[in-house]
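K.L.:
For the protein sequence lines, the chains are P and G, in the order given. Under our numbering, think of the first position of the first sequence as 1, with each following residue one higher. Under our numbering, think of the first position of the second sequence as 1, with each following residue one higher.
No lab work stands behind these hints, which were simulated from the structure alone. One or more hints might be untrue.
[Unchecked claim] Label-pair distances were calculated between CB atoms; the ranges are:
#1 G:ASP64 / P:ASP73: 41 to 49 Å
#2 G:ASN361 / P:ALA77: 53 to 61 Å
#3 P:LYS202 / G:ASN361: 18 to 26 Å
Here the structure is a predicted model, which means the values were calculated and not measured. Just so it is clear, CB atoms sit at the ideal spot from N, CA and C, and this is done for glycine as well.
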Amino acid sequence: MSRWASCVAAAVLFALAPSAHAQTKKEAARNYGIGRGISAEQIAGWDIDVRPDGQGAPPGRGSVKDGEKVYLDKCAACHGEFGESAGRWPQIAQGKGTLASHDPVKTVGSYFPYLSSVFDYIRRAMPFGDAESLSNDELYAVTAYVLSLNDIVDEKFVLSKDTWGNVKMPNQGGFYDDDREKTEKVFWKPNPCMRDCRGPVKITGHAQAVDVTPDEKLQKRGVE
Amino acid sequence: MTDTTPTTRRRFLGGAAGLAAAGVTAARADNAKNLPPNVANWTRQLGEGVGVRAYGVPSKYEKDVVRRTVPWLTATPESSVSFTPLHQLDGIITPNGLCFERHHGGIAEIDPADYRLMLHGLVEKPLIFTLDELKRLPRVNKIYFLECAANSGMEWRGAQLNGCQYTHGMVHCVQYTGVSLKLLLEQAGLKPSAKWIMAEGGDAAAMNRSIPLGKAIDDCIVAYRMNGEMLRPEQGYPVRLVVPGWEGNVWVKWLRRIKVGDQPWFTREETSKYTDLLENGKARQFTFVMDAKSVITSPSPQAPVRQKGFNVISGLAWSGRGKVKRVDVSVDGGRNWRTARIDGPVFDKACVRFYYEFDWNGEELLLQSRAMDDAGYVQPSKDDLRKIRGVNSIYHNNGIQTWAVKPDGEVENVEVG
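Isolated chain P (complex conformation):
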């Protein structure tokens, strides 16, 4: 279990340990009788999240071939015909092998760890400005096409709940839980240096030389 998860598990155990749980129920957890019950049907309309293991994925299916049509119609204007991006919109394809370089390109293929991370996002937020408009079949199809743009599936692939587990994202192992308290321990220091803490200081970079600050007609105020 990761350190972070074990941390959380500890917190949860503490909160939900039998005695604490019982106590919560008896004393602290007053039921105010405010808030109403909700039907499964009502929940279903908003319950759109999908997890890495596919839990939450809706019924339906879509092929790479069908996805190409959806993509060209609804996605390519911003993301580019091949996922290369049009203008400053997110690039969603290629970028493999760039993460450790000076110019990392984070795409579905090079960076996203799970199929659900892209599927859930398209389902809730895409197309930009027309969210939650795709049918389930279109959603599966366009996701399949984006995977194919990243050479993760072949052109005959059909995405559905049945094939969900067959999709292996290349960068799934590329992440680990926050370890700052261990790897950056050097920043915890009781008595930071106050005098003669370093050698001569030189200016090594100027924001004015980069010249990308928006012009807001700053007044030049000299010394009076």
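Keeping the supplied structure of chain P fixed, place chain G upon it in accordance with the hints.
P.N.:
Same frame as chain P, but now just chain G:
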């Protein structure tokens, strides 16, 4: 004598003042007619009565105190950011209209009558709340800072934007009123397998993030007010999640749904975004806490030094790990440090205001500030951060900022080595 009626006079003076305010120089130049021994115009005549300004706004002379954008940063204003004008503010509370904005699908305009919060998943009884129902529950009031994880993100490779509004303006600090998330979860009753929650917005991005249950029941708030009034639309009206000390992205605005689960969701926002890519190509995930950070807000590039002699350095500090315990200031680029004076309240996971008073004779200065918190964390130099993280991580840049003050009083964002 119609031209001496208050209305006509006011119109005339309004026009004159409008001219004066058109340029900052004109607004700052004084007018001898209003100075002793003369009696000022605003003393000779009545001003506007009550009710004219039903919802008050700042003086027209303060009209350059606004959120600003960096247009080249993003493809579209609906998924973009505007920055708090830190250089024009003081104290610890950010006025509601100046709190930075970060939207992923524009500002949702939600009719409070149609607002609903759904609470479901691994709970005994799924519940749905109206806004009025949330307001009927016991309330808490807390002052917290909110910092975007990408604040100072453009500065990883060196000094880039010349103004603390742009380098540090994705932070604000307000008082929230709302319901403790723990209390809400108790209403639904957690199942023993519950370990994480997912918060989701009702905006056009339906922003969703996973939060460990330990944090959710520790200090999170389902908030509907900021600084006493209802949340501004830009800040999630009518309801947002408050996640004290953690990166702004998890403070889901326009909150419509909380789902309880037994594992994180690994949403796009917590994988493709808001993960910290290190030099070796691996990325840290779930880096929720915002480390201690500070910045001198004045002087700064947008707020130059105007006079020799006595000067006040003013700055802001905060830590997601607890209270800011101390802030030190250096005027020589970090060789020597003096402890600054913190003035005003010091709250857990809130901004504090610090001052450092000094005499300036026109020599060049390299101003820095460094915050320390009660967890013992000391804000690192940018180079010390880069040694561990490289320059690709975008998020969580809390390195020490350097402002160069030049002999003419101008201030520039610089990198020192």
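K.L.:
Next step is simple, just say for each hint if it's right about the structure.
P.N.:
Hint by hint, here is what the structure shows:
1. G:ASP64 / P:ASP73: 41 to 49 Å: 45 Å, holds
2. G:ASN361 / P:ALA77: 53 to 61 Å: Holds, since G:ASN361 and P:ALA77 (Cβ atoms, about 59 Å apart) stay within the stated range.
3. P:LYS202 / G:ASN361: 18 to 26 Å: 22 Å, holds
Figure legend: structure checked against the earlier numbered hints; every hint is met.
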